[in-house]
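FYI, the working numbering numbers position 109 of the first sequence as 109, with every residue one higher than the one before it.
Treat the hints loosely; a few may be bogus.
[To be verified] Below, in silico cross-link-like pairs of lysine-lysine (BS3-like), each with a Cα-Cα straight-line distance of 30 Å or less: (1) K348 to K509; (2) K282 to K23; (3) K255 to K570; (4) K313 to K17; (5) K199 to K282; (6) K536 to K464; (7) K199 to K124; (8) K119 to K199; (9) K130 to K119; (10) K588 to K571; (11) K227 to K271.
Keep in mind that the hints were calculated from the coordinates and are not lab data.
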Amino acid sequence: MLREIGLYLDMQGVAFKPRAYEKAAEAVASLTEEAGDIYSRGGLRALEEIPGVGASIAEKIEELLTTGTCAEHVALRKKTPVNLSELSRVEGLGPKKIKTLYQKLRVKDLADLEAAAKKGAIAKLEGFGKKSEENIKKSLEFAKHAGDRVMLGLAMPEIRMYEARLRKLPAVARLVVAGSVRRRKETIGDVDLLAVSKKPQQVMDAFVAMPEVVSVHAKGETKSAVKVVSGLNIDLRVVPESSYGAALNYFTGSKDHNVALRQIAMNKGLKLNEYGLWKGKKQVAGKTEEELYKALGMHYIEPELREHTGEIKAALRPIQDIQGRPEEFEGRQAQGKRPGLPTLIGYKDLRGDLQVQTDWTDGKGSIEAMARAAREAGLEYIAITDHSKRLAMTHGLDEKRIIQQMAEIARVNKRLQGSGLRFRVLSGSECDILKDGALDLPDNILAKLDVVGASVHSYFNLPKAEQTKRIMRAMDNPHVDIIFHPTGRIIGKRPPYEVDIPALITHAKNTGTILEIDALPDRLDLKDDYIRMAIKGGVKLAIDSDAHAPSHFSVLEYGIAQARRGWAEKKDIINAWPLEKMKGFLKK
DNA sequence: GCCGTTTTCGGCCCGACTGTTTTCAGTCG
1 MLREIGLYLD MQGVAFKPRA YEKAAEAVAS LTEEAGDIYS RGGLRALEEI
51 PGVGASIAEK IEELLTTGTC AEHVALRKKT PVNLSELSRV EGLGPKKIKT
101 LYQKLRVKDL ADLEAAAKKG AIAKLEGFGK KSEENIKKSL EFAKHAGDRV
151 MLGLAMPEIR MYEARLRKLP AVARLVVAGS VRRRKETIGD VDLLAVSKKP
201 QQVMDAFVAM PEVVSVHAKG ETKSAVKVVS GLNIDLRVVP ESSYGAALNY
251 FTGSKDHNVA LRQIAMNKGL KLNEYGLWKG KKQVAGKTEE ELYKALGMHY
301 IEPELREHTG EIKAALRPIQ DIQGRPEEFE GRQAQGKRPG LPTLIGYKDL
351 RGDLQVQTDW TDGKGSIEAM ARAAREAGLE YIAITDHSKR LAMTHGLDEK
401 RIIQQMAEIA RVNKRLQGSG LRFRVLSGSE CDILKDGALD LPDNILAKLD
451 VVGASVHSYF NLPKAEQTKR IMRAMDNPHV DIIFHPTGRI IGKRPPYEVD
501 IPALITHAKN TGTILEIDAL PDRLDLKDDY IRMAIKGGVK LAIDSDAHAP
551 SHFSVLEYGI AQARRGWAEK KDIINAWPLE KMKGFLKK
């Protein structure tokens, strides 16, 4: 509703308000708590705490929550009754053009638009033309099947392929991936590539001529945009070497992060754009990102943190760089309110993996095959955590078979040692949490295992309080070390079950239970906000592959990215620790 | 309509590309 009000106001040429509504809409969409819960907890005042939401928008949210509708939104829609979310998905259609199409041709939705385009009516409109009509026809096809985002882990191999290929062009001096891919978002909308070249035209030509390109959205001297056969949209921008850092920063985003940097630049009497940081006509910085942040009086900020969620403040350098306002800085220092930036866990810091399935249940590799693959992937230990009997469809292990499996794990360890490999396989379980919070295997069995993970695979629809109690009871079990994929979501398929995350975090802390970051590209569960919350609450985490085949250890990269987006350090991730230290932290 | 390392009033990020236009508006990121 907020987004639509913004679009409608934009349509009418109202200044500034559209951005205010858009920002508020984004803020509400990215809340970790339901707006309704916030309101029933703290009323209007609590809503106003949401960044970008002030008195007026808070009232509109209240109105929507209590009456189910909002008078201003209804009035605006009455004036221009169009399906905004549908029409604005069409490439090149913004609020102004949507308005013209409605006023002149009564276009209300995609079906109307298609009919008008087929009749040739659009080409005759002022401000449109033959070409506009053609473009609308083309993008109608894609708009129909939504502009869905794609999961990072699925797109990454393809992105790396394009990156490697374009990098080899003779005219290309450098080429990197920027945008949401560089920030390692869970899902990405498009791919932003940045190149340095003295012959941009050659780079543009080669880019749009790639065999996978199915359509060219734009082609200029330094910027082109294409769609490739897989459906990915790829943008390529070329800048001179002297602007590389500023351009990389600019195209990495996020938008909010960039806007904040520009404001800092303005406050210093400087101007920041994709070509550099400028004092008048003189470039002060821009060749590298490091020098750019430094010139702004900031520490370097890792791409995964650039979401304007506190990293800017944390990166601002101490007093010597903030000239003329010593008293303010000292005040803050005294209050200890500069949290500082975290030293993020590195992409090579994992030593183990605590959730691995084998061919004893629904996995595709033997215990030994999984162990050898994990070692190839750079790990020193894994826990075998096959499903428990409750998950009958996976042939889940009962008491008898899990005892047999423990014996097999011991034999595998011996064989590995015999062949001189320094690698340890731990016994474990992904034990089902039953409806009432009891576990699917008896305590005397769980006590024998090295690592016990517990997870929810049934009754996703329990009321929030009951679901929370269920998982808390599992944490109370003296053998349950880790809660696997704690919210149960599958990106693009299944929402998380209703559960009180802050309560789970507190209970995890009190019971010494670890929470998992499942690295599967469509799980990434916990998500970044909850990771930050857990760390703040003093809870330790584990990054696991949830591997079901030897090749699956490669997904750990996405789990690490997720952890980094949640501000996690090495000390927060127990499987980044040496084996003995990690084992020492588990419940007895 | 929102917000405050410049402000409670007066600002609000910035540039490339397209398609229409004959100097620019709209869209996009």
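Structure-based check of all given hints:
Note on K348 and K509: the hinted pairing holds, with a Cα-Cα distance of about 27 Å set against a maximum of 30 Å. A threshold of 30 Å between alpha carbons decides the hint, and for K282 with K23 the separation of about 33 Å lies outside it, so the pair is violated. Distance restraint check for K255 and K570: the Cα-Cα separation of roughly 28 Å lies within the 30 Å cut-off, and the hinted pair is therefore satisfied. Restraint check for K313 and K17: satisfied, since their Cα atoms lie roughly 26 Å apart, inside the 30 Å limit.
At most 30 Å may separate the alpha-carbon atoms for a hinted pair to count; K199 and K282 meet this at roughly 24 Å. With a CA separation close to 23 Å, the supplied pair K536 and K464 stays within the 30 Å bound. With a CA separation close to 39 Å, the supplied pair K199 and K124 exceeds the 30 Å bound. For the hint linking K119 to K199, the alpha-carbon distance of about 43 Å lies beyond 30 Å, and the restraint is violated.
With a C-alpha separation of about 12 Å, the suggested pair K130 and K119 falls inside the 30 Å cut-off, and the hint holds. Straight-line distance between C-alpha atoms of K588 and K571 comes to about 21 Å, which keeps the hinted pair within the 30 Å bound. For the hint linking K227 to K271, the alpha-carbon distance of about 33 Å lies beyond 30 Å, and the restraint is violated.
In this structure, the earlier hints numbered 2, 7, 8 and 11 are contradicted, and the remaining ones agree with it.
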